[in-house]
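> Single-letter residue listing:
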Amino acid sequence: MDAADAADAAATTPPEGPPGAQVVIRATGVSKKFISYHRRATSLKELFVRRGQASGDDFWALRDIDVEIGRGQTVGLAGANGSGKSTLLKVLAGILRPTHGKISVSGRIASLLELGAGFNGELTGRDNVYLNASLLGLSRREIDRMFDSIVDFAELPHKIDDEVKHYSSGQYVRLGFAVAVHVDPDVLLVDEVLAVGDEAFQKKCLAKIEQFRTQGRTILFVTHSLDLIESICDRILVLESGSMIFDGAPEIGTRLLRQRLGSLPSDGPVPYDVAAARPVLVTFARDPGGPPQVQFDPGEKLTVSLTLDLTQDAPERIYLHVYVLGQHDLPIWLMETPVGGIPSKPGLFTMDFTVPKIPELLGAFAISVHVSDAATGIPITKRRFDDLFGISGPQAGGLLKVDYEARTRG
Amino acid sequence: MSNLIDQHSTPATRPETRQRIHDEQGPESRRLARRSHAQTRVRWELLRNLIRKDLKIKYKGSTLGFAWSLANPLLLLAVYTLVFQVIMSAGVPRFGVYLMSGLLIWNAFSASASAASGSVVFNANLVKKVRFPLPVLPLSAVGFAVVHFVLQLAVLFVVVAALGYGFVGLQLLLLVPAFAVAMTFTVGLSMLVSGLNVRYRDTEHLLEVALLAWFWLNPIVYPVGLIRKLLHEWTWIYFLNPMATVIATFQRAIYKGPTVNPATGQGILADPGYLFYLEHLAIAGAMSLGLLWLGTHVFRRMQADFAEDL
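Protein sequences, first through last, are from chains U and D. Here the working numbering is used: position 352 in the first sequence is 444, and no number is missing along the way. Here the working numbering is used: position 304 in the second sequence is 1056, and no number is missing along the way.
These are computed hints drawn from the structure, not numbers from a lab. Note that the structure is predicted; figures quoted are calculated from it, not measured. Check the hints yourself; a few may be wrong.
[To be verified] A few chain U residues that don't get close to chain D, going by computed Cβ distances all over 10 Å:
#, residue
1, Ala185
2, His250
3, Leu373
4, Gly391
5, Gly418
6, Phe445
[Said to hold, decoys possible] Computed Cβ-Cβ distance ranges for the label pairs, DEER-style:
#, chain 1, residue 1, chain 2, residue 2, range
7, U, Ala292, D, Arg793, 35 to 43 Å
8, D, Gly813, U, Lys295, 34 to 42 Å
9, U, Ser335, D, Gly813, 50 to 58 Å
Glycine included, every Cβ here is placed at the ideal spot set by N, Cα and C.
The whole structure should be built from the sequences, with the hints applied where relevant.
Shown next, in the form of structure tokens:
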């Protein structure tokens, strides 16, 4: 059925039409209201007791979204946490019903909202492939035909007849991704799933997405990685509090979003532009003044160099809090200027924070700087830099390397 | 069940010019027809896969596996035969067979409904993450129970034959309409409770209690004659319960003992003929179709909010 469908689809596409001319996803005036959970009648008793009572804290996750996505476009969907990205994806995927508005999607949709959703640990990989693929809408014949290819893609030929509960988490998501991409979708909706798995797997996923792109499939994906959007998307949609605030070129959209997220200058207690002391640049190197690098190993030396722009109005002495932020902006450690702050002089100056031995950590880290008046403690401004540096620790999962023993008892 | 859910996919882009409308209407509509046919097949396959998954998981790691499900009614049959025929010999003759002929279909019904009631909630993660035809969840619960029912019924026939009771006859044909009505009713109720239970979680518990009481509203462990003696000309009220009709028909089809209890003079079967059953099945069937409509309607109405309610 697929080959025939593909042929038909090709026939209905105007051959000379510009790419993206045919709209495959169309949302018109889409809004989504979530009713606060404790307000919703969840038992029969409440149904009768609370009946007719107006609910006060409804929450609009999406407000009046209008968007048309053409065939063959690769679109990144970005925004801060809670901005409605995933909700929009779920609405487009048909999992959530929009409160207002209309959605139409043509062609076979595959939504990768969670890899391996619906896998059952008690079943073998083989059984799960069949079950999962049929959930995603594949016929038995199609699955039979693609089975080997799925297993090869997941790199699990040796474990395919083992129960999935014995798979590592990496193997689990590999199998999930392999099934999902073999659904052979016209439209692929992806939610942050690429963030899981090791680097090799991520590369493979990206290669597959790139392949879909060149085949003219339509891809819409949610990601926090603005770099990824810049590198593979034709278009970016930026959401903020449920409204679409930008729809256009990725270079501009990502810049806008960085600013919104505070990784570009943002307003602190004093608006950034008029602040007397402004952090303007952060670089990472091994030694102060050394060649910049972004990749470090635990135990190595790390220097975080911070350049500030001070005006005449800057206080006599300024105090800096430099936070090293992990995922979700979790502060990992704090570096401060010596007690009493540092004397300020107008113009640019650079301050180096040197860590002689990087602890056993793993991950990518960002820097956030808070500037305050050393004498009064009054905050002047703050800035979160989006520039990341990475520490590649020896541990496979988790932030920290911890010594431990594992032994069985009894 | 061919159009399980269709709220989402709307026709693709409209051809812009008249010219193209003429060019494309043929292949486009053929393509849609082919696709919808293929979709129907895929949905049946999905249903089958889900039922198979449940069976595999249930019997995984047990040596006797499926045999347990077959042994269960067999043991019941043995125990009841022993108790009611040997120890308290005044009861219905061949009581074990009488009991089984009604109990199996009741079990299929009650197991379906109670498994279906939790089916959507149980698969919350799937419902929230994957778009698939949601009615397969309650339907697979029904399918799971039906697989057991069919096998248990086969075992019952084997045992009845082995005991030399004889069951072959025209009356067996009654099983066909009775099973059809039972399935319509079961699917209808299963859809209804599984849909309601997502938002109103009390449904599951309410159903559990209701099924316990409902069991006694059917002539399974007692003969219909007992009801006749109580209700006289009001017995028709008793048969407003479609399951009572279904069960009485199953007994007429399978149980070939005496139609009247020689010890008490009460009727064991609801009626010795056929017409009684066909008439009552028609009424029960109409009620079941009503329930099926209600169940599918409620499920369809509620399914769009499942992902949110879970």
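> Each hint: holds or not?
Hints and how they fare:
no. : hint                            : in the structure
1   : Ala185                          : violated, 5 Å
2   : His250                          : holds, 22 Å
3   : Leu373                          : holds, 42 Å
4   : Gly391                          : holds, 41 Å
5   : Gly418                          : holds, 27 Å
6   : Phe445                          : holds, 43 Å
7   : Ala292/U - Arg793/D: 35 to 43 Å : holds, 37 Å
8   : Gly813/D - Lys295/U: 34 to 42 Å : holds, 38 Å
9   : Ser335/U - Gly813/D: 50 to 58 Å : holds, 53 Å
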